[in-house]
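Residue numbers (the numbering used here), protein chains in the order written: chain A, 225 to 343; chain B, 4 to 114.
In case anyone wonders, no lab produced these hints; they're calculated from the structure.
Incorrect hints may have been included.
What the hints assert, rightly or not - Just some of the chain A residues that point at chain B, by a computed CB distance under 8 Å:
hint: 1; residue: Thr254
hint: 2; residue: Glu268
hint: 3; residue: Leu269
hint: 4; residue: Arg274
hint: 5; residue: Phe278
hint: 6; residue: Gln281
hint: 7; residue: Tyr288
hint: 8; residue: Phe315
hint: 9; residue: Leu331
hint: 10; residue: Thr332
hint: 11; residue: Gly334
hint: 12; residue: Ser335
hint: 13; residue: Gly336
As the list claims (entries may be wrong) - Among chain B residues calculated to face chain A with C-beta under 7 Å, some are:
hint: 14; residue: Pro42
hint: 15; residue: Met44
hint: 16; residue: Gly45
hint: 17; residue: Gly66
hint: 18; residue: Ser70
hint: 19; residue: Arg101
hint: 20; residue: Phe105
hint: 21; residue: Gly108
hint: 22; residue: Leu111
All C-beta atoms in this analysis are idealised placements derived from N, C-alpha and C, irrespective of residue type, glycine included.
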Amino acid sequence: AQKVTQAQTEISVVEKEDVTLDCVYETRDTTYYLFWYKQPPSGELVFLIRRNSFDEQNEISGRYSWNFQKSTSSFNFTITASQVVDSAVYFCALSERGGSSGSARQLTFGSGTQLTVLP
Amino acid sequence: NAGVTQTPKFRVLKTGQSMTLLCAQDMNHEYMYWYRQDPGMGLRLIHYSVGEGTTAKGEVPDGYNVSRLKKQNFLLGLESAAPSQTSVYFCASSYLGRSAFFGQGTRLTVV
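Build the full structure now, drawing on both the sequences and the hints.
Put into structure tokens, the structure is as follows:
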């Protein structure tokens, strides 16, 4: 079963529009971590945010905001007033205990959302 | 600060050849991971390690082997490369799974 689902494969918006990227996760672990990464056309993975399962406070960083809701197992990412430089693939990831190493944490990624911001 | 360094950055192999990808981290992290990234499939975990001398299989381990002889290094080996292993490979290190720092990636083409 897919652990991290990013249902939006591609999104296109016009510059200055707001856009929300969805992430739904599945875990039986009670202590887990959620991440968002950005992968620009240059290919590197840029860390954006980490949230642990005990902290449901929403977070805002400049034009970026994150909405973590345990009740719906979602960790959505909103970009306000999008810019062309926001064009990238965005990945949501889950760190949870399990796998063949028992209590060790595996880091599982969603399939990513390609965001294109048009001028 | 170096962080996570992968070598090489690019490589072209012929089918059947072998090679080793090296990942080195200088953050004293216990956990290290190898992923492959293919179009439309995100990052898929190949193998990971939770400490020196330990390794474990991830989602797509077939055709790969790994070793973690030193805490700071995690090697990914392809014994007999196949075209299906053409991909971009990322290494990551983590402090007990609570963070994840990635290398720049290795673009491997098998012809």
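Practice task
Please verify that hint: B/Gly45, Cβ, nearest Cβ of chain A, below 7 Å or not.
Solution key: holds, 4 Å
Handout entry: Restraint outcome when B/Gly66 is required to lie within 7 Å of chain A by C-beta distance
Key = The hint is violated - B/Gly66 has no Cβ within 7 Å of chain A, the shortest such distance being about 18 Å.
Handout entry: Closest C-beta approach of A/Thr254 to chain B relative to 8 Å, hint status
Key = violated, 14 Å
Problem - Minimum beta-carbon distance criterion (7 Å), B/Pro42 to chain A - result: violated, 10 Å
Exercise for the section: Have a go at the B/Met44 hint: is there a Cβ in chain A nearer than 7 Å to its own Cβ? Expected result: holds, 6 Å
Exercise for the section: Report holds or violated for the interface hint on B/Ser70, using the least CB-CB distance to chain A and a cut-off of 7 Å. Expected result: Violated. Min distance 16 Å.
Practice task
Identify whether the interface hint at B/Gly108 stands, where standing means a beta carbon of chain A within less than 7 Å of its own.
Solution key: With a closest approach of 6 Å, the B/Gly108 hint holds.
Exercise for the section: Have a go at the B/Arg101 hint: is there a Cβ in chain A nearer than 7 Å to its own Cβ? Expected result: OK, holds: B/Arg101 within 7 Å of chain A, min 6 Å.
Problem - Evaluation of the interface hint that places A/Glu268 against chain B, nearest CB under 8 Å - result: holds, 6 Å
Exercise for the section: Report holds or violated for the interface hint on A/Tyr288, using the least CB-CB distance to chain B and a cut-off of 8 Å. Expected result: The hint is violated - A/Tyr288 has no Cβ within 8 Å of chain B, the shortest such distance being about 18 Å.
Problem - Restraint satisfaction for A/Gly336 [CB to CB of chain B, less than 8 Å] - result: Since the shortest Cβ distance to chain B is 5 Å, the answer is holds.
Practice task
Return the status of the interface hint for A/Gln281: holds when the least beta-carbon distance to chain B is below 8 Å, violated otherwise.
Solution key: Violated - the Cβ of A/Gln281 stays beyond 8 Å from chain B, reaching only about 17 Å at its closest.
In terms of the numbered hints stated before, the structure departs from hints 1, 5, 6, 7, 14, 17, 18, 22, listed from lowest to highest.
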